[in-house]
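Can you build the whole structure from these sequences, using the hints too?
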Amino acid sequence: MYLLYFLPALGWGLMPVIASLTKAKPINQLIGTTMVALLCGIVVLFCLKPQLTVSLCIVTFLSGCLWAIGQYLQFHSFQLMPVSEAMPISNGTQLIGTTLVAVFFFREWQGIQAFIIGGTGILLVIFGIVCTSFSKEQEQQKLTADFKQGLLFLLFSSSALVLYVTLPQFFSISGTAVIFPQSVGMFMSSLLLAWAEKSKVDPVAIMKNWTTGLAWSVANLSLFLIIPLIGVAKSFTFSQLAVLVSIFGGLCFLRVQKTKKELRQIILGAFLITAGILLVGLIKQ
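FYI, in full-length UniProt numbering the residues of the sequence shown are 1 to 285.
Simulated from the structure, these hints should not be mistaken for laboratory data. Keep in mind it's a predicted model, so treat the numbers as computed, not measured. Cβ atoms here follow ideal geometry from the backbone N, Cα and C, with glycine treated the same way. Incorrect hints may have been included.
Restraint ranges, calculated between C-beta atoms of paired labels, are given here [as the list claims (entries may be wrong)]:
1. Arg264 x Ser199: 43 to 49 Å
2. Leu191 x Val43: 19 to 25 Å
3. Arg264 x Met207: 27 to 33 Å
Here you go:
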């Protein structure tokens, strides 16, 4: 059971690493991912036979559309700023947004003690994410036009991804019933975006990203399975371990070079993130 809690982090952490290895353009990464997500959604539909209603399909379809928009903007931000800087910003802003929604709309934290422990945990996670993104070049970096545009893309991306996770919860929708209609929304949105970028669509690059889609599908399915068990705030906070998987996966598979100082910052960040996640995990609904 506890292994299930960390599957979202594993899947989403490996996803950008796998996508980077394909060296594909954002639109091809998106289509490849959503194709596999749709296939997994169809398998879930026929094998598990979840009960679907019109309202459920509409809400989760919109959730899938929001994901496609958010992921598309995130992929584009990688073209404007280094992934090592974009991912911590993306994860940090998503964590803040999702936690605020969970706390103030779903009342998942009860009492002053929960707010103190949870708030401290969230701060540790954010500080840890900042530490893991440290680089010497970043110390002297100026806010260029590309960086500002990439940051803006990330903020809109995070807003869409927060809504993608929390929208089904507003209607008390969770579990396997979410997967199929959500994947349809993702795939249809990716086709619409592909139509706008027809010249960049590459079938070979799309097929290379089927593995990216598999990693995402594992993470997505496990996230919606654990949300009813431990709540939105805890489940999404656990998923932020994806930052660690992405960083160390990048070091191992993408041959990202780091100085000794940068490695020390990464280890410190990993410790802070783990400590923060454990603190949030202590809170009982």
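Do the Cβ positions of Arg264 and Ser199 conform to the proposed distance bound of 43 to 49 Å? With a Cβ separation near 45 Å, Arg264 and Ser199 satisfy 43 to 49 Å, so the hint holds.
Does the beta carbon distance between Leu191 and Val43 stay inside 19 to 25 Å, or does it fall outside? holds (20 Å)
Should the hint that Arg264 and Met207 are 27 to 33 Å apart at their CB atoms be regarded as holding? Between Arg264 and Met207, where Cβ atoms are some 40 Å apart, the hint is violated.
Of the numbered hints listed earlier, the single one contradicted by the structure is hint 3.
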